[in-house]
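Peer 1: Protein chains in written order, with UniProt numbering: chain G, 1 to 282; chain A, 1 to 257.
Hints may be right or wrong, so weigh each one.
Derived pair list, reagent style DSS-like, types lysine-lysine, alpha-carbon separation capped at 25 Å [as the list claims (entries may be wrong)]:
id, chain 1, residue 1, chain 2, residue 2
1, A, Lys-113, A, Lys-144
2, G, Lys-275, A, Lys-137
3, A, Lys-120, A, Lys-133
4, G, Lys-192, A, Lys-247
5, A, Lys-137, G, Lys-270
6, A, Lys-137, A, Lys-120
7, G, Lys-275, A, Lys-133
8, G, Lys-270, G, Lys-192
9, A, Lys-120, A, Lys-144
10, G, Lys-192, A, Lys-120
11, G, Lys-275, A, Lys-120
12, A, Lys-133, A, Lys-144
13, G, Lys-192, A, Lys-133
14, A, Lys-112, A, Lys-133
15, G, Lys-192, G, Lys-275
16, G, Lys-192, A, Lys-137
17, A, Lys-113, G, Lys-192
18, G, Lys-270, A, Lys-120
19, A, Lys-113, A, Lys-133
20, A, Lys-112, A, Lys-144
21, A, Lys-112, G, Lys-192
22, G, Lys-112, G, Lys-192
23, A, Lys-247, G, Lys-275
If you are wondering where the hints come from, they were derived from the structure by calculation, not from laboratory data.
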Amino acid sequence: MTTTPPAPPKVRTLARSATVRKAKNRTSTWLPPLLVFLGLIGVWYAITFLVLDEKRRFLMPPPHEVVAAFFDPATFVEIMQALGRTTLVALVGLAFAIVIGVLWAVAMSQAKWVERSLYPYAVVLQCIPILALVPLIGFWFGFEYPARVIVCIMIALFPMVSNTLFGLQSVDPGQRELFQLQRAGRWTILTKLEFPAALPAIFAGMRISAGLAVVGAIVGDFFFRRGEPGLGSLLSTYTARLRSAELFATIFVAALLGVAIFALFGWIGKRVVGKWYDFSAN
Amino acid sequence: MTIAPSPVAPATTTDQLLRFENVAMTFPNGTTALSGVSLTVNRGEFVTVVGPSGCGKSTLLRIASGLTPATEGVTQVDTSRIGYVFQDATLLPWRDVQSNVELLAELNGIPKKQRTATAKEAIDLVGLSGFEKHLPKTLSGGMKMRTSLARSLTLNPELFLFDEPFGALDEITRERLNDELIRLFTEQQFAGLFITHSVSEAVYLSTRVIVMSGRPGHIVDEFPVEFPFPRDPDIRFTAEYAELCGKVSHALREGHS
Ligand SMILES: Nc1ncnc2c1ncn2[C@@H]1O[C@H](COP(=O)(O)OP(=O)(O)OP(=O)(O)O)[C@@H](O)[C@H]1O
Ligand SMILES: [Mg+2]
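Next comes chain A alone, as it looks inside the complex:
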């Protein structure tokens, strides 16, 4: 297995940012979470992954980020600028919004002045200006998630990994943040790999939906999504959208049994 974050970033040679080939993951306790997963994420793509709980979706992201090495197959990552948004906001409760957003730059040794500016910009991007001095415990769930997003944005990622980031939020906040995310995606030009439990969210956000089976997880189907960006919220009420959601749900049910 190779993880190759190419240091010289030959951006012009290929559009590919992430490639899994026959990736499998068996944990030391014998649980096989993934088997034979092959998937490529290119520049300009926003790929969403749906699959039953416990099928190895989080594991797939952890492998992509380098947190856990896969036990089999090839994992190739063609950028060193990876953003990773967890299901929880994972903010440090003793730091205010500004300094939470600065954290990653700080860990990378970016000078104070520069990271203050970068963080400020990211905070503006997620619509949190005015809340710089607020501590996490005074923020709503949605605002915490925005802070977490801003924190990853400071890395100016080329590849953005999302592990059910809005799963714990209410419907209205979730839809709002989906639109924010689409705006960021069109403005910031990162590629996304986004995990969700919600078929509707998967279709709404993505250029391609991947459907995974139950454990051991493998890819059972994929659906390109052709709606233009930035997405019009009203596509949710069109027949094509409903049809696509239906197909994804169907594939999900088939893969589950």
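Just chain G, same shape as in the assembly:
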């Protein structure tokens, strides 16, 4: 006896109602934060003009002055160049963190004794205040580009290690047995089962690490201040010179960089695994 499976759904109607729903979703996700933003700008103006007297107004220059300072040609070029350098350090540091973190986790997933030997160090790395190590890193690696990347890696590494390991180990036991029944080797299991299954967790880790990489790039730069200035150096220069409008502009650029990198990796993750994995839980 044969049975016919149900016909594929009518794609057209489905797609259209999905679009409508998506559009609605979009407004409801963007509107509340936007209102909060406008509210904050209001509070900002209120503090600047109602709370601070003229002599202390430099503590919080009004938003339009910050915008003006940002678009002042000299400052703009300065900030953009710094942004470029910091972005480069963050991305290079992140790339290293991803590669090292994934390899580290894969090594640990292959044998319990490797995990027992190496995992404590991942945790230690997470627990020591990296800031305390920054001067030392400067001593060892110089106060320029490589040292900044290293700080970045150290700050961004842990989420990659722990997320990848979690992903590799969360493979469904039934799926594992499916492979065992065919006498699949370790490499086959890693590449055809564990690694694909871990991808959602890896991308989740990547998103967190991306944000941390920006922090690392700015912190390293803030401390070392040698070589070409990044956003960190710029922050300390503007602070020292009491150029508060420029300082605020730089802070916003740094924040936007963090958000942009976070969003970029969220997007990449969705592109790669969103088809089969439902990220909507986050």
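Based on these hints, arrange chain A with the ligands on the given structure of chain G.
Peer 2: Relative to the frame of chain G, chain A with the ligands by itself:
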């Protein structure tokens, strides 16, 4: 204990595909799941096993498949072509139906062209043609189970192990898949060892029903089922069928207490 998947498959010498003799299983934590189980599955047989939850039915299949060795007794498997369908479909969510069905052949190093063809054939057999490009998350429970069945069919198994494959499905889908399975059984000539919680399903599908006791599981009774294949769905409403189901249920209750 010996597990002997004979490489040269002396198919003509015997009809026996699987034999347990006094098999017992005690887990390292001290749980005894099975004790003194003796059971033979021959070519042309479809044996169903019913028993209370936790009596070691899954363990029995795991021993037969070689996933876990028994702690006592003899386990003899006379084929290397074993299909194993789990309770969950265990599909890889990142692979579409076609490539999920190809998986086992792929793991066995079958060339791409050949396994594509085999998978296509298996997909047709379970009635899923047209869904090759669908990802598991877009399939219903029944379609996932069909995909899982198709995946095992690509191995062209001589011995097919089923661990409550339809347990999570609704009644209608389950009955439909039972008929599909009977059709496959008559067409593909495998021997089946099928575990279920449903007495009615056990009787409907099988040539023989085995009843197991509560833990530690052992066989308390067995009933041959004489209805001809392919089974007519309406036998479910006959008196003989009802009587047989009654007997099995009774044995199940006796063994449980
Ligand atoms: N790896 C294990 N270690 C210890 N005990 C186990 C292990 N696997 C199974 N058991 C125990 O062995 C007994 C039999 O388990 P099994 O899964 O074979 O039962 P089952 O008959 O398939 O039950 P169900 O019908 O609920 O699926 C259970 O009591 C279970 O707790
Ligand atoms: Mg079970």
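Peer 1: Next step is simple, just say for each hint if it's right about the structure.
Peer 2: Hints, verified against the model:
no.	hint	result
1	A/Lys-113 with A/Lys-144	holds, 24 Å
2	G/Lys-275 with A/Lys-137	holds, 9 Å
3	A/Lys-120 with A/Lys-133	holds, 12 Å
4	G/Lys-192 with A/Lys-247	violated, 47 Å
5	A/Lys-137 with G/Lys-270	holds, 16 Å
6	A/Lys-137 with A/Lys-120	holds, 20 Å
7	G/Lys-275 with A/Lys-133	holds, 12 Å
8	G/Lys-270 with G/Lys-192	holds, 20 Å
9	A/Lys-120 with A/Lys-144	holds, 16 Å
10	G/Lys-192 with A/Lys-120	holds, 21 Å
11	G/Lys-275 with A/Lys-120	holds, 23 Å
12	A/Lys-133 with A/Lys-144	holds, 13 Å
13	G/Lys-192 with A/Lys-133	holds, 19 Å
14	A/Lys-112 with A/Lys-133	holds, 17 Å
15	G/Lys-192 with G/Lys-275	holds, 17 Å
16	G/Lys-192 with A/Lys-137	holds, 19 Å
17	A/Lys-113 with G/Lys-192	holds, 19 Å
18	G/Lys-270 with A/Lys-120	violated, 30 Å
19	A/Lys-113 with A/Lys-133	holds, 17 Å
20	A/Lys-112 with A/Lys-144	holds, 23 Å
21	A/Lys-112 with G/Lys-192	holds, 15 Å
22	G/Lys-112 with G/Lys-192	holds, 21 Å
23	A/Lys-247 with G/Lys-275	violated, 50 Å
Of the hints listed earlier, those the structure fails to meet are numbers 4, 18 and 23, in rising order.
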